[in-house]
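Enquirer: Given next are the chains, with one letter for each unit.
There are 2 protein chains.
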Amino acid sequence: MASQGFWSLGGDNAGANTGNQSPSTPRAWCQAAAQKLSGGIGSKLCALLNVGEGEKPGEPAAKQPPETAAGTCGCNKSCNCTKAPLVFSDLYSTDLLPAMDGDTKTMTFLQEVVDILLAYIVESFDRETKVIDFHYPNELLQMNNWELQDEPATLDDILISCRATLKYAIKTAHPRYFNQLSTGLDMVGLAADWLTSTANTNMFTYEVAPVFVLLEYVTLKKMREIIGWPDGRGDGIFSPGGAISNMYAMLLARFKMFPEVKEKGMSSVPRLVAFTSEHSHFSIKKGAAALGIGTESVICIKADERCTCIENLLKVIQGAWGGSLLMSRRHRWKLDGVERANSVTWNPHKMMSVPLQCSALLVREEGLMQNCNQMHACYLFQQDKHYDLSYDTGDKALQCGRHVDIFKLWLMWRAKGTIGFEAQIDKCLELSEYLYNKIKDREGYEMVFDGKPQHTNVCFWYLPPGIRYMEDKEEKKKHLHKVAPVIKARMMEYGTTMVSYQPQGDKVNFFRMVISNPAATFQDIDFLIEEIERLGQDL
Amino acid sequence: MASQGFWSLGGDNAGANTGNQSPSTPRAWCQAAAQKLSGGIGSKLCALLNVGEGEKPGEPAAKQPPETAAGTCGCNKSCNCTKAPLVFSDLYSTDLLPAMDGDTKTMTFLQEVVDILLAYIVESFDRETKVIDFHYPNELLQMNNWELQDEPATLDDILISCRATLKYAIKTAHPRYFNQLSTGLDMVGLAADWLTSTANTNMFTYEVAPVFVLLEYVTLKKMREIIGWPDGRGDGIFSPGGAISNMYAMLLARFKMFPEVKEKGMSSVPRLVAFTSEHSHFSIKKGAAALGIGTESVICIKADERCTCIENLLKVIQGAWGGSLLMSRRHRWKLDGVERANSVTWNPHKMMSVPLQCSALLVREEGLMQNCNQMHACYLFQQDKHYDLSYDTGDKALQCGRHVDIFKLWLMWRAKGTIGFEAQIDKCLELSEYLYNKIKDREGYEMVFDGKPQHTNVCFWYLPPGIRYMEDKEEKKKHLHKVAPVIKARMMEYGTTMVSYQPQGDKVNFFRMVISNPAATFQDIDFLIEEIERLGQDL
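Each protein sequence line maps, in turn, to chains Y and E. Note that my numbering has the first sequence beginning at 1, numbered continuously upward. Note that my numbering has the second sequence beginning at 1, numbered continuously upward.
Source of the hints: derived by calculation from the structure; they are not laboratory data. Model, not experiment: these values are computed from the prediction. Check each hint, because a few of them may be wrong.
It does not matter which identical chain is used: a pair holds within one copy or between any two.
For lysine-lysine, the following BS3-like pairs were computed, each having C-alpha atoms within a straight-line distance of at most 27 Å [to be verified]:
#, residue 1, residue 2
1, LYS167, LYS105
2, LYS440, LYS427
3, LYS302, LYS264
Using the sequences plus the hints, can you model the full thing?
Expert: Okay, structure coming up:
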């Protein structure tokens with residue numbers, strides 16, 4: 001489709017490296033990277049020279065063990081790394097802990113995985129590397145043996161699978177990755193997520209997650225203080241994403257007005273209607289469908305209309321993305337009035353770049369969440385435990401088990417301080433303003449909405465020269481609608497950058513730039529514009 | 001409360017180390033562990049000698065940098081590790097990537113975190129170490145500075161926070177941790193979770209998670225084949241836990257019968273009733289409350305009754321835990337008929353020990369999930385993309401963003417093969433049978449249910465000598481009700497093991513042993529029984 005004729009994906013060069021791309025092989029990249037690094041770190045990279053190699057289309061993966069049997073580490077001659085000599089092609093997962101004498105093998109295996117990850121991280125931040133090594137689904141299915149077998153694979157196979165997976169992953173940490181919220185990769189957040197995985201526990205009770213439950217308590221209180229609720233009082237929980245947080249908020253609002261709905265269902269209450277902004281997130285409609293309100297009973301209010309009665313009626317649900325603006329003294333006025341809301345969804349995995357997932361629902365009224373959702377499962381929430389049961393927070397949510405999402409936010413907050421988050425958010429808004437100022441009067445660009453964006457969304461059309469001067473408005477619109485998808489597809493083929501596009505109502509496809517990537521600079525914005533023009537000039 | 005009088009938590013020794021506990025300080029433990037290890041791995045541990053130190057009650061955390069400024073790595077004299085000389089107490093998160101020249105600092109910092117994690121992992125599997133270093137919530141709040149500040153903390157502080165967090169965490173990998181499903185820590189699963197965090201992306205579209213979307217596709221198909229649906233056809237998704245999977249299944253069942261409910265809500269359909277087993281999970285009631293069915297319309301069927309009409313009526317929702325039995329040729333008959341279900345919730349994070357969270361909902365009918373939940377968000381699910389849109393799976397769920405839960409299951413499956421999971425599951429059932437055989441006729445024990453358990457749940461009362469021969473049945477019951485909570489509290493104080501308890505209906509508190517920990521052995525079962533008797537003999 002997209003590769004036919006005029007709307008091609010960049011002609012003969014599609015998918016090939018361009019001049020400003022990375023060195024042509026991973027090996028070359030690693031060698032270059034190792035030279036850049038001082039001290040012992042360089043030697044870590046030397047073991048990684050075959051990152052992603054042996055994964056060429058149609059060829060079986062090369063199975064050379066990263067360690068040789070000769071008793072050396074398999075690195076180069078000058079290496080002084082401390083890897084123990086293990087032959088992963090002779091080892092299986094059953095040789096690792098809890099196997100007897102599995103300590104050394106386990107540490108060596110995990111260190112090997114970490115070395116792969118460290119190299120990937122350093123590479124991800126390098127502008128000379130691709131954001132994505134794109135392949136169509138059917139191609140990618142053929143490029144590696146992804147099938148699951150009855151028989152076990154060796155640890156060498158497992159390491160090869162790790163390299164292959166990263167080779168074809170999107171580098172979401174890349175400074176030129178703008179595709180969506182969330183972008184960027186915070187190093188302290190990542191460390192925290194590794195620790196969370198290692199702790200491998202569940203948030204339902206204090207007894208299995210004492211520290212994490214306390215950190216959730218401390219952090220939610222701080223977030224409520226920032227919202228402006230007196231003394232940070234209220235309640236809250238971290239949930240698996242903003243859509244679930246929003247649904248939880250709707251569930252609470254319904255229960256607050258009609259507590260009998262919990263036992264007796266929707267047949268016991270009057271027909272309910274939900275008011276929301278016409279620009280609200282689609283999760284409000286999903287929530288209405290799930291809760292039995294029905295999408296037709298979601299009344300969308302024009303965004304620029306003022307209606308105090310509706311503001312009061314509605315249990316105000318803030319957009320999850322904007323919540324982070326509360327941390328910026330310069331921009332927090334944009335959320336004036338949020339302290340009057342009964343519930344706030346705030347997704348630190350968006351503007352604050354906390355690793356996915358991290359979404360908080362904050363609730364003004366204490367006790368409401370517990371009353372709304374509790375079912376008193378007697379095997380979890382025993383009432384005769386020896387500690388303060390208010391720390392068994394699991395019954396406040398619909399979920400039973402709940403993933404630990406708090407530690408990465410807490411550790412990042414500690415590392416940055418509130419002022420660090422503020423600086424990060426302010427910088428994203430500066431970059432958006434820079435983009436807006438750069439293109440608002442530039443030839444070939446049109447803004448989708450009037451005026452300076454209030455947040456880091458900048459929506460615009462790029463009109464290639466061949467379309468720019470068309471007189472037939474309908475014909476022009478028809479052509480323009482196809483521009484963004486083709487440029488986006490070419491971006492992915494070249495792997496140089498990624499930005500999203502969408503239509504909206506009667507507006508044809510436009511670029512929907514959104515900046516949340518702390519690695520991005522003014523030069524990356526310049527690059528984006530140059531790249532759009534380079535990839536779109538023939539359209 | 002629990003520490004008063006007769007029902008005390010072990011008298012003067014409460015909280016102290018017992019003879020079979022770990023060396024008395026983390027430093028001593030580390031030294032012992034380092035001696036056990038060969039090769040260069042020992043030197044990794046030497047940097048960790050102060051794991052958790054400086055966290056004593058009331059004292060501020062010790063802030064000695066793990067690296068000194070002298071240009072050495074801070075390890076001992078014979079160390080030949082490759083750590084670069086960095087003074088973390090002079091560094092902040094802003095010195096890490098994406099900072100200019102942040103590569104070396106980032107790798108060194110992350111390596112330091114990994115060293116902490118590796119030491120924690122090895123320690124967790126050591127039976128000589130405590131399962132938990134328990135403190136009451138108010139104590140734990142005082143034991144460290146957990147508060148969030150405006151100002152940033154140094155990277156040294158961040159490392160100290162990591163150590164403190166792990167010091168007070170539950171060692172869920174410990175061979176004697178039986179508190180709940182999930183227990184154990186799989187090393188390949190952990191490696192996969194670290195990689196997932198590093199890739200930091202979202203499952204909503206193929207364009208941002210190409211490999212993970214394909215792996216979800218491959219794995220769900222394999223799971224449907226195992227269920228027994230023809231050619232593995234059908235649909236499915238990984239969701240944040242079994243409770244959400246169950247709610248999704250109820251949502252689908254409702255939509256299947258009354259598709260108008262999506263737009264028109266519950267007022268457009270007849271009053272609905274949900275049938276379930278009296279022993280079903282409480283998430284069925286939570287789902288009924290959320291969906292507007294109401295908990296009173298959940299009809300619980302006695303577990304031993306047979307009623308074909310209800311089996312047919314009900315869109316059979318299997319218990320999420322049992323799903324894994326399908327992988328065992330020896331035990332799969334216990335789920336005979338599952339292939340007739342329209343949806344199956346299967347939680348690999350339970351019996352299969354995949355790190356939390358990992359829950360799959362599998363659905364027989366293709367297209368139903370999409371029709372039920374899709375809202376066509378135009379900024380995510382553009383219809384004019386250049387690849388096959390069936391791989392944009394995000395609109396099948398209520399969630400918008402969706403955490404990547406697939407990679408750890410896929411990589412573990414690859415590492416073990418289907419036969420490896422089978423062996424792991426069979427072993428847990430063997431251990432349960434061993435426990436059952438050991439206590440069914442043992443003096444002082446009574447089984448809660450008749451006959452051999454079909455799964456790894458073994459429910460029993462322990463009657464201490466002082467209660468064993470009481471003649472007044474009501475008095476005996478009253479006393480017995482208090483036994484399990486006190487023994488459990490003492491287990492936590494001593495930190496030797498953890499097992500759950502609960503009452504059920506008119507049955508007073510009993511131990512609810514559940515075995516899913518691949519690290520557990522017959523000797524650990526013996527230890528549990530000895531420990532119950534040791535801690536309960538004076539009651």
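Enquirer: It remains to establish, for every hint, whether it holds in the given structure.
Expert: Going through the hints against the structure:
1. LYS167 with LYS105: Result: close both inside a copy and across copies, 25 Å intra and 24 Å inter.
2. LYS440 with LYS427: within (20 Å within a copy, 67 Å between copies)
3. LYS302 with LYS264: Classified as between: cross-chain Cα gap 22 Å, same-chain 34 Å, threshold 27 Å.
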